[in-house]
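Novice: What follows is the residue order along each chain.
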Amino acid sequence: GENVEQHPSTLSVQEGDSAVIKCTYSDSASNYFPWYKQELGKGPQLIIDIRSNVGEKKDQRIAVTLNKTAKHFSLHITETQPEDSAVYFCAATQSGGYQKVTFGTGTKLQVIP
Amino acid sequence: GAGVSQSPSNKVTEKGKDVELRCDPISGHTALYWYRQSLGQGLEFLIYFQGNSAPDKSGLPSDRFSAERTGGSVSTLTIQRTQQEDSAVYLCASSLESRGLREQYFGPGTRLTVT
Numbered sequence: 020g021e022n023v024e025q026h027p028s029t030l031s032v033q034e035g036d037s038a039v040i041k042c043t044y045s046d047s048a049s050n051y052f053p054w055y056k057q058e059l060g061k062g063p064q065l066i067i068d069i070r071s072n073v074g075e076k077k078d079q080r081i082a083v084t085l086n087k088t089a090k091h092f093s094l095h096i097t098e099t100q101p102e103d104s105a106v107y108f109c110a111a112t113q114s115g116g117y118q119k120v121t122f123g124t125g126t127k128l129q130v131i132p
Numbered sequence: 013g014a015g016v017s018q019s020p021s022n023k024v025t026e027k028g029k030d031v032e033l034r035c036d037p038i039s040g041h042t043a044l045y046w047y048r049q050s051l052g053q054g055l056e057f058l059i060y061f062q063g064n065s066a067p068d069k070s071g072l073p074s075d076r077f078s079a080e081r082t083g084g085s086v087s088t089l090t091i092q093r094t095q096q097e098d099s100a101v102y103l104c105a106s107s108l109e110s111r112g113l114r115e116q117y118f119g120p121g122t123r124l125t126v127t
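In order, the protein sequence lines correspond to chains A and B. According to our numbering, the residues represented by the first sequence are 20 to 132, in order. According to our numbering, the residues represented by the second sequence are 13 to 127, in order.
Same shape as in the complex, but just chain A:
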């Protein structure tokens, strides 16, 4: 089955700086890679996703990159703000068929004002 590793487990950045979270996956059949943000006391919420037919996707201050050959993908947050403080989870799965979503272990991001 799929195995997703995520680093770092914790990350502190100054407000305005960039934050990068990295994930690797093991199953070359995986082709859908979502990122979720979990705020304290709430369930995770999708913030961005990428499919294997593209190498990069941006949405305002958030971007995700994918390297299929190396089987790794990364989340980039620019101009970080205090409200970006949360736990971020990467995940990998196949976009079709009967395949559960495998999550990484999470990164706790703290943005220091």
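Since the hints were derived computationally from the structure, they do not count as laboratory data. Treat the hints with caution; some may be incorrect.
Have a look at the derived ranges for each label pair, beta carbon to beta carbon [stated by the list, open to error]:
(1) A:H26 <-> B:G71: 20 to 26 Å
(2) B:S74 <-> A:N86: 37 to 43 Å
(3) B:G40 <-> A:G74: 29 to 35 Å
(4) A:E34 <-> B:E115: 28 to 34 Å
(5) B:G28 <-> A:Q33: 32 to 38 Å
(6) B:G28 <-> A:T88: 51 to 57 Å
(7) A:T88 <-> B:G40: 35 to 41 Å
(8) A:E24 <-> B:N22: 30 to 36 Å
(9) B:Q53 <-> A:Q64: 17 to 23 Å
(10) B:T88 <-> A:Q33: 44 to 50 Å
(11) B:R93 <-> A:Q100: 42 to 48 Å
(12) B:G28 <-> A:E98: 50 to 56 Å
Below, a sample of chain A positions facing chain B; criterion: calculated Cβ distance under 8 Å [claimed, not checked]:
(13) A48
(14) Y51
(15) P53
(16) K56
(17) K61
(18) F108
(19) T112
(20) F122
Think of the CB as a built atom: it goes at the ideal place given N, C-alpha and C, for glycine as much as any other residue.
Model the placement of chain B on the given structure of chain A, informed by the hints.
Specialist: Just chain B, lined up with the frame of chain A:
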């Protein structure tokens, strides 16, 4: 529209008792997931229902855990003879999973405390 709802939001039970946790997914979503999240930890997959297929139960930690999904909608996670290590937040998520759409919508979770 309505999101995923879970009940109860909090449950305190004595060791050895059985508990039932309920999840109401978004209407029309064919897939439903249960996860467990211990304090400060990641998402531990428990079980996955997809349409009429047999559920993927590979994440259930022991035979004390079971789940069912009636009529392709509401799901109940049952923990029998609860143990203190079962204390965690139990999250439910649903997904449309049509044409490759796999975004999961999570409920707020049920916080289970076993005393």
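Novice: Of the numbered hints stated earlier in the document, which are not met by this structure?
Specialist: Hints 5, 13, 16 are the ones this structure does not satisfy, whereas the remaining hints hold.
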